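Chemist: Sequence:
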Amino acid sequence: MSNIIWKIKTFDEFTVPELYSILKARIDVFVIEQNCPYPDLDNYDQKAVHIWAEEDGQVLAYCRVFDKGIKYDETSFGRVLTTEQARGKSLGKQLIQYAVETIENRFHTSEIKISAQDYLLRFYGGFGFIDTGKKYLEDDIPHTEMIR
Numbered sequence: 001m002s003n004i005i006w007k008i009k010t011f012d013e014f015t016v017p018e019l020y021s022i023l024k025a026r027i028d029v030f031v032i033e034q035n036c037p038y039p040d041l042d043n044y045d046q047k048a049v050h051i052w053a054e055e056d057g058q059v060l061a062y063c064r065v066f067d068k069g070i071k072y073d074e075t076s077f078g079r080v081l082t083t084e085q086a087r088g089k090s091l092g093k094q095l096i097q098y099a100v101e102t103i104e105n106r107f108h109t110s111e112i113k114i115s116a117q118d119y120l121l122r123f124y125g126g127f128g129f130i131d132t133g134k135k136y137l138e139d140d141i142p143h144t145e146m147i148r
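With the UniProt record's numbering as the guide, the letters of the sequence shown map in order to residues 1 to 148.
Hints should not be assumed to be uniformly reliable.
[Said to hold, decoys possible] Calculated cross-link-like contacts (lysine to aspartate or glutamate; reagent style EDC-like; alpha-carbon spacing at most 16 Å):
#: 1; residue 1: K7; residue 2: D56
#: 2; residue 1: K68; residue 2: D45
#: 3; residue 1: K7; residue 2: E55
#: 4; residue 1: K7; residue 2: E101
#: 5; residue 1: K113; residue 2: D73
#: 6; residue 1: K47; residue 2: E74
#: 7; residue 1: K47; residue 2: D73
FYI, nobody ran anything at the bench for these hints, they're computed from the structure. Since the structure is predicted, the reported quantities are computational estimates derived from the model, not experimental observations.
Based on the sequences and whatever the hints tell you, model everything.
Modeler: Here is the structure:
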């Protein structure tokens, strides 16, 4: 894992290969691995700041970040993933740190709302996110609203 490069780009800054790699990673994890057919292309990518780690053109970890008023009244991030070959290398932790820093630096706030898959509540708790008690099924997967 020596040649990992972290990238932060808006939609218009993507190269075509980067966009393809990111969409492939999202489909591999959320649609195929989690066996969840859902509309990944939701017209929010154009409004997001995208953060990812790659090695040799392969996406290892990814999320997208939103300013206030796009997904929620607060800033937020979502589509958080680590690809299968990259798990267990703490890239997820680095990714969330970068997401929080990006929100603080670009959008000048530390108030963040997320929709977390329930098995990740403790993980996000480690970054100061608090369970709001609002629980729901999203694409048949239990989620909880969390705020920081």
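Chemist: Any of the earlier hints contradicted here, and which numbers?
Modeler: none
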